Amino acid sequence: MSIALDTSALLALAVDAPARAVVLAALDGDDVWSASALALTEALPAIDRLTDETVLRADLEDAVRLAWDHLYVVPVDQRCLDRAAALAREQPVRLTSAVHLAAAERMPMPVRFVTFDPAQIAVALGLGLDVVST
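Per the working numbering, the very first residue in the sequence shown carries number 183; after that it's consecutive.
Bear in mind the hints are in silico, worked out from the structure with no lab data behind them. Keep in mind it's a predicted model, so treat the numbers as computed, not measured. Fair warning: there could be bad hints in the mix.
What the hints assert, rightly or not - DEER-style ranges, computed between Cβ atoms:
| hint | residue 1 | residue 2 | range |
| --- | --- | --- | --- |
| 1 | Ala267 | Glu235 | 37 to 47 Å |
| 2 | Arg202 | Ile303 | 32 to 42 Å |
| 3 | Gly308 | Glu235 | 31 to 41 Å |
Ideal Cβ positions, reconstructed from N, Cα and C, are used throughout, including at glycine.
Using the sequences and the hints given, assemble the complete structure.
This is how it looks when you write it as structure tokens:
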């Protein structure tokens, strides 16, 4: 099974909270871990909204980048963007969420999609993805 993380799941790997255990359990035992190229771009500024402390921000960024080094990065190329645009037109999701879903669809099936964004869950299930969340 392939694992696809969205930005919320990538961030959860870096934060000491219950969601971290959910992501780690999803990753355990699977060899193919992925995220869209957009996930890192979204995660880095999100860190600044998690804390005002400079040292903690640096630690969180280090943890996110370390996790990133272990992921297969699905490119946000024209194929991904076209599929994301179609999803955003057909489904009740933002374009950024649609990019994560389109990237997950490019992974070898079956795919376990890890997200903590409620708007993505129903859409992911409708696409045939196995959803992991809280």
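With 37 to 47 Å as the target window, see if Ala267 and Glu235 comply at their CB atoms.
At 38 Å between Cβs, range holds.
Does the Cβ pair Gly308, Glu235 satisfy 31 to 41 Å?
holds, 40 Å
Given the hint of 32 to 42 Å, is the C-beta distance from Arg202 to Ile303 inside that range or not?
Roughly 19 Å apart at Cβ, these two residues miss the hinted range, so it is violated.
Violated hints amount to a single one, hint 2; each of the other numbered hints is respected by the structure.
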